[in-house]
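The primary structure of each chain is shown beneath.
There are 2 protein chains.
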Amino acid sequence: MVAVVGDDFSFEDIEFLKNRNVDLEGLEVAEGQTFHWEGLYHENMNMRDTISTDLGVFEGFDPKIPETVKTAEFLLLANIDPALQLKVLDQIKSPRLIAFDTMNFWIEGRRAEVEEMISKVDLVILNDEEIFQLTNEYSPLAGAKMLLEMGPKFIVIKKGEHGSMLVSDDSEPFICPAYPIEAPKDPTGAGDTFAGAMVGYLAATNDVSPLSMRRAMVYGSVAASFTVEEFGLGRLKDIEIKELDSRFRELQEMTEF
Amino acid sequence: MVAVVGDDFSFEDIEFLKNRNVDLEGLEVAEGQTFHWEGLYHENMNMRDTISTDLGVFEGFDPKIPETVKTAEFLLLANIDPALQLKVLDQIKSPRLIAFDTMNFWIEGRRAEVEEMISKVDLVILNDEEIFQLTNEYSPLAGAKMLLEMGPKFIVIKKGEHGSMLVSDDSEPFICPAYPIEAPKDPTGAGDTFAGAMVGYLAATNDVSPLSMRRAMVYGSVAASFTVEEFGLGRLKDIEIKELDSRFRELQEMTEF
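Going down the list, the protein sequences come from chains Z and E.
All letters in the first sequence, in the order written, are residues 34 to 290 by this note's numbering.
All letters in the second sequence, in the order written, are residues 34 to 290 by this note's numbering.
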């Protein structure tokens, strides 16, 4: 993990990551406030309005990549200023798969840099609104095909409770189900969980075949289904791998015909 | 088919149905105007506002069921005044499966009758907004489970381009994909096509096993994907069964993991 947090960040949360064997050599604790996003979710939780985005210590962040990370084969450039994503990308030697996430905030304010990033990565993960923002296409599938022309091999379209779709030039789309949750509490971070678990699955299996890409998305979907069940990391903190596996198999049964 | 049209209805459209071997003994042509609905679709085509609903000859319609129809085993009560749906239901002897469709207009104006119908049928087909209207549940799955308690064996939740879901007490939900269409022209009638093709598949196979229910939904989904590609019956009029089969198989490939 390469990231920056402010000196307001809780020690317990860092300890938690350590105990889960996350390599924190690239985690910088800087003077100032941690990045902060505030938003309002509509009642159906599929739409949200941003109230404020405070960059805090992100503003002056100059990511320094530890030597052990420079040879990483799977790289997820999570949502952050695209100029910083570019700086990180330039320091990684020859990753096998580069995944890229962003959000409406950067597409609005840093469009050129976002487009440059899209042209340099393998896998772009966006929700349907962000695809519309970038391509002006109401059909996310048509929009994803426009984005493929900019260079990436894969586009993942996230649609919240409606699941997601994988679009690539090589094969027909994959329609990935969302695990149905009757009483979601907080969708914040579901997209990050999805992207993290998806790339984590690819790195763990070291397999980017079409079937592995599909299964990685389903693991992302399943992991995100736990995120929305509680606020913050509430549910993720005590999750066990067998619970992920169990929802994965359930989704196989729920989609079979 | 049991229905009424006004004397403004085109002869060509009746001829078309005859040529497709639709039994039209139950089709009444009455003096006055055919039912007319007018609405405005939002740009993403997933939401629409009703501008006007003119019942026309529906207003005085008293459905008379031909003897040959009274012994039908599969009955689809398509969207119409629930009082009329009830009259039809009362005249059918002992159908094996009764499917029921309705719309926001009737839920608003005839709620008690809609609820009575739900308690009397086997399969209820509604979109996510209608389920919210009936149950006040933002989660369509939670809403569908509330509807199951009113009596039906199956609830189908339609979600437009996001597919549909089958919910029943007997087994876990089925997540049914929508066939992705890049440039839909007109979604009007997609829900009717879905319901008609679904019940048509069940009647043709005479099989209401869990697997057959799932496949019936996928055929409904595939048939609806053709409806939205053109205005009116444009695309449905020249469709061949092998085209339906081909999209069915494509959907199997698009959902496999």
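Note that these hints are calculated values from the structure, not bench results.
These numbers were taken from a predicted model, which means no experiment stands behind them.
Mixed in with the good hints, there may be bad ones.
[To be verified] Computed list of lysine to any residue pairs in SDA-like fashion (alpha-carbon distance at most 20 Å, straight line):
no. : chain 1 : residue 1 : chain 2 : residue 2
1   : Z       : K178      : E       : E283
2   : Z       : K218      : E       : K97
3   : E       : K192      : Z       : K97
4   : E       : K192      : Z       : M34
5   : Z       : K97       : Z       : M34
6   : E       : K97       : E       : G59
[Said to hold, decoys possible] Covered by chain Z, per the in silico footprint, the following chain E stretches (three or more residues, Cβ under 8 Å):
no. : stretch
7   : 129-141
8   : 193-205
Think of the CB as a built atom: it goes at the ideal place given N, C-alpha and C, for glycine as much as any other residue.
Each hint tested on the structure:
1. Z:K178 x E:E283: holds, 18 Å
2. Z:K218 x E:K97: violated, 51 Å
3. E:K192 x Z:K97: Violated, because 46 Å separates the two Cα atoms, which is more than 20 Å.
4. E:K192 x Z:M34: Outside the cut-off at roughly 38 Å; violated.
5. Z:K97 x Z:M34: Between Z:K97 and Z:M34 the Cα gap is close to 11 Å, so the pair holds against 20 Å.
6. E:K97 x E:G59: The hint holds at about 7 Å.
7. 129-141: violated (count 0)
8. 193-205: Since three or more residues must qualify, the claim that chain Z covers the stretch 193-205 of chain E holds, with 4 doing so at under 8 Å.
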